[in-house]
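Peer 1: Sequence:
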Amino acid sequence: TKTTVMFINQLREKVGVVFGNPETTSGGKALKFYASIRLDIRPIEPIKNGTDIIGRRVRVKVVKNKVSPPFRIAELEILAAEGISREGGLIDMGVTTGVLDKSGAWINYGKQRIGQGREAAKQFLREHADVANEVEQKVRERSGAAALVASPDGEEG
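Note that the numbering used here has the sequence shown beginning at 1, numbered continuously upward.
Quick caveat, the hints were computed from the structure, so don't treat them as lab data.
Watch out, some of these pointers could steer you wrong.
[What the hints assert, rightly or not] Straight-line distance between alpha carbons at most 16 Å, and here's what the computed EDC-like set of lysine to aspartate or glutamate pairs gives:
#: 1; residue 1: K61; residue 2: D40
#: 2; residue 1: K64; residue 2: D40
#: 3; residue 1: K138; residue 2: E87
#: 4; residue 1: K111; residue 2: D101
#: 5; residue 1: K111; residue 2: E82
#: 6; residue 1: K138; residue 2: D101
#: 7; residue 1: K48; residue 2: E119
#: 8; residue 1: K138; residue 2: D92
#: 9; residue 1: K102; residue 2: D92
#: 10; residue 1: K48; residue 2: E82
[Said to hold, decoys possible] Restraint ranges, calculated between C-beta atoms of paired labels, are given here:
#: 11; residue 1: E127; residue 2: I54; range: 10 to 20 Å
#: 12; residue 1: I53; residue 2: A74; range: 30 to 40 Å
#: 13; residue 1: E127; residue 2: T97; range: 33 to 43 Å
#: 14; residue 1: D52; residue 2: G89; range: 16 to 26 Å
#: 15; residue 1: G89; residue 2: V17; range: 51 to 61 Å
#: 16; residue 1: G28; residue 2: N49; range: 34 to 44 Å
#: 17; residue 1: I41; residue 2: V17; range: 31 to 41 Å
#: 18; residue 1: A145; residue 2: I41; range: 14 to 24 Å
Glycine residues also receive a C-beta, built at the ideal position from the N, C-alpha and C atoms.
Build the full structure now, drawing on both the sequences and the hints.
Peer 2: In structure tokens:
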């Protein structure tokens, strides 16, 4: 049916726990048991534009996964205006896989300097979609992820 049900919960602290994790979720144990995938999302640092906070960098840990390997960790940027930052993810994965090179504050793609600092590189990738798509395809090739192919109904998949 292509249906997804998503529950958002909060953490509480159990009083008097000496051993183990003192954090628990409210609402009992049924949701933990029946969920197919559980993600633990924790803030790392705010993303600022001058003095304004425009988003937050978060660490996402797969706590439970019945459909693929659990305990994977990812760091990503969630921006208030646009959601999860595609360009930020491209930069992180590009540096990790060696598609992008980071030397000091500069981020390079081959011999081309795409920006001094993370925000400048993200802006460059937003303005040059062809370069961003090229970086994404190379990252997918090097990481073993499937290439994005448009399906007949126009959706990526």
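Peer 1: Please go over all the hints and tell whether each is borne out by the structure.
Peer 2: Taking the hints in turn, this is what the structure says about them:
About 5 Å separates the Cα atoms of K61 and D40, which keeps this hinted pair within 16 Å; it holds. Proximity of K64 to D40 is assessed by CA-CA distance (about 9 Å); at most 16 Å being required, the pair is judged to hold. For a cut-off of 16 Å, the pair hint linking K138 to E87 stands: about 14 Å separates their Cα positions. Distance check on the hinted pair: K111 and D101 sit about 9 Å apart at the alpha-carbon level, within 16 Å; holds.
A hinted pair counts as satisfied when its Cα atoms are at most 16 Å apart, and K111 with E82 does not qualify at roughly 30 Å. Our distance criterion of 16 Å between C-alpha atoms is met by K138 and D101, whose separation comes to about 13 Å. About 10 Å separates the Cα atoms of K48 and E119, which keeps this hinted pair within 16 Å; it holds. Pair hint K138 plus D92 holds up; C-alpha atoms about 13 Å apart against a cutoff of 16 Å.
The hinted pair formed by K102 and D92 meets the criterion: a straight-line CA distance of about 10 Å does not exceed 16 Å. The hinted pair formed by K48 and E82 meets the criterion: a straight-line CA distance of about 15 Å does not exceed 16 Å. Taken as a hint, the range 10 to 20 Å holds for the pair E127 and I54, whose Cβ atoms sit roughly 18 Å apart. Between I53 and A74 the beta carbons are some 21 Å apart, a value that contradicts the proposed interval 30 to 40 Å.
Between E127 and T97 the Cβ separation comes to about 23 Å, which falls outside the hinted range of 33 to 43 Å. For D52 paired with G89, a C-beta distance near 22 Å keeps the hint of 16 to 26 Å intact. At about 36 Å, the beta-carbon gap between G89 and V17 misses the expected band of 51 to 61 Å. A C-beta distance of roughly 41 Å is found between G28 and N49, which places it inside the suggested range of 34 to 44 Å.
Checked against the hint of 31 to 41 Å, the pair I41 and V17 fails, with Cβ atoms roughly 22 Å apart. The beta-carbon spacing between A145 and I41, approximately 22 Å, falls within the hinted interval of 14 to 24 Å.
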